[in-house]
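*Asks:* Chain G is already provided as a structure; the job is to place chain X on it using the hints.
Here is what each chain is made of, one letter per residue.
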Amino acid sequence: MSAYTLSVSPDFSPEHLSGWFIFNTWLQRQLETSLHLELYDDFDSQRRDIQLDKIDLIYANPFDAAMLVREKGFKAVVRPSNTSDETIIAVPKASLFKSIDDLTEGTIIATTHDPDVHMMGMIMIEPADLDSSNVVIVPAHSYVIVAKRLLNGQADIGFFLKEAFLDLSDLIRSQMRVLVESQIGVIHHTLLAGPGIQHLIPTISERLLAMQNEPKGRAVLDSMQISGWIRMNQEDTEFMIDLIDTLID
Amino acid sequence: MLITYHDSTSREVEIIDQEVPYPDGKLIVSRTTPSGVITHANQAFIDMSGYSLHELIGMNHSILRHPDMPAKAFKDLWDTIQSGRKWHGYVKNLRKDGAYYWVKATVIPNIRNGELMGYTSVRRKPSRSKVDSCTELYATMHPGRQI
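These protein sequence lines are chains G and X, in that order.
UniProt numbering puts the first residue of the first sequence at 1, with every later residue one more than the last.
UniProt numbering puts the first residue of the second sequence at 1, with every later residue one more than the last.
For reference, chain X alone in the conformation it holds in the complex:
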């Protein structure tokens, strides 16, 4: 499947309809530059995404976007964090092997001496009921187009 991103770049990916369950007690932690390039990833991120640390560092965070996610959700994320506020949301992430995992994500801007240095994102295990309602909602928001 060809995924086209918000910046008009695209890549061919294999999509597998298989969910990898989020493990209890773990937090996925990553940091990015202001433009979304990954600068830090913890072990849980490596385990869940299927990428190595070497592959993740320097890659744009958008590599995790699943085609079932509506572009609107990411626009809301960027509008919120670029205005200096915290963003919460439920996200279906794409793994390197084409499978997916759901997270409850929180992203905050890293402000140092009044200057934006990047973003910290923490993902945790979502409840099944939230995942089910988001699956239903996102399906109505024109997925599969540009993300």
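One chain only, chain G, in its complex shape:
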């Protein structure tokens, strides 16, 4: 029997990702089927494999979820119950910028390839009349690199996924200051099932929704820093995709 492939949006720190290995083993046992966890260092290589239909189950960021549902026929199964995706714009602690309105043309921005965080970051600097035409974007492969660019003086502001910002060490975080934090509440990562595994959706959702009620399942959730799952129906997913659509100019 060929194995199904599980993947995770490459926007989390390695500590965060270790829980997904434990989850993969747990889910494999629950489904009594072979499941392989494929992790990617960057969004581009993951998207290439999505286009090649190499991924069956994916914990996707909201931006990619829109593409996966509308273009690749994926269906949402569940979303985490305790968290939504929020973006933080941070500056070095000693920065003269006290608010978004202080930012000026030519601001240097350190940002990852995480599409929804980048988009939200750009939206949050709009009130200062800034957009991609009058800022300097410095790309980074991870949020740790975004922080380094800020602390080395190579960037004025940095865009972070809130969860990733909180994952940074206390030492790094203490040298930065949060300029603004999004409070959207309705955009979140989602576990999506591709066409090849959709016959297992009833079993997957039943096991995932029940896992917080039994000790082993709860331990797996703890390792992923997720408190439980909420079922996503088709309309919940469509709503989130519509919302993302309104934010793309």
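The hints are simulated quantities; they were obtained by calculation from the structure and are not laboratory data.
Note that beta-carbon positions come from the ideal geometry of N, C-alpha and C, so glycine has one too.
Possibly wrong hints are sitting among the right ones.
Incomplete in silico selection of chain G near chain X, CB under 8 Å [as the list claims (entries may be wrong)]: (1) I100; (2) M122; (3) I123; (4) M124; (5) A128; (6) S132; (7) V180; (8) Q183; (9) G185.
*Replies:* Showing chain X alone in chain G's frame:
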């Protein structure tokens, strides 16, 4: 002040010349039926509009129209979304208490299986320069009449 809407209905409102600043980092999210009746409102919408969730649900979105907004802007909005396209614009909204707040609004049609189910509207913080130029522009577009 008596506001007359595009459908000839009208209501008496108190207008206060006081802007409530749009908070950083928040998005106002609402959904309506195809005829503009509100079916979903998030906390930011409740906070900024001054209405309770109970009051907003079932109300027509036009309740937020400020008399300084030109009717032309809303006609453009409806013409655009009814043709299935996304609309962007800067809007001065009327709060329940008569004060106002400016937003950069985006509205998109919600299409499900080829059928129009309603609209999603997301509002975000506009820049002051855009608000200033829209204030000037809208003043030349015969505000205060039917909206």
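*Asks:* A closest beta-carbon separation below 8 Å is what the hint needs, so does G:G185 meet it against chain X?
*Replies:* 7 Å, holds
*Asks:* Have a go at the G:I123 hint: is there a Cβ in chain X nearer than 8 Å to its own Cβ?
*Replies:* This interface hint holds because 6 Å falls under the 8 Å limit.
*Asks:* Hey, does the G:A128 contact hint survive, CB to chain X under 8 Å?
*Replies:* 7 Å, holds
*Asks:* Tell me if G:M122 is really an interface residue toward chain X, meaning its C-beta lies closer than 8 Å to one of theirs.
*Replies:* 11 Å, violated
*Asks:* Next item in the hint list is G:M124. Is there a CB on chain X closer than 8 Å to its CB?
*Replies:* With a closest approach of 6 Å, the G:M124 hint holds.
*Asks:* Measuring from the C-beta of G:I100 to each C-beta in chain X, is the shortest one below 8 Å?
*Replies:* 6 Å, holds
*Asks:* With chain X as the partner, please determine if G:S132 meets the hint condition of a C-beta pair closer than 8 Å.
*Replies:* 15 Å, violated
*Asks:* Hey, does the G:Q183 contact hint survive, CB to chain X under 8 Å?
*Replies:* The hint holds - G:Q183 has a Cβ within 8 Å of chain X, the shortest such distance being about 5 Å.
*Asks:* So, G:V180 near chain X? Judge it on the closest CB pair being under 8 Å.
*Replies:* The hint holds - G:V180 has a Cβ within 8 Å of chain X, the shortest such distance being about 5 Å.
The structure shown violates the earlier hints numbered 2 and 6.
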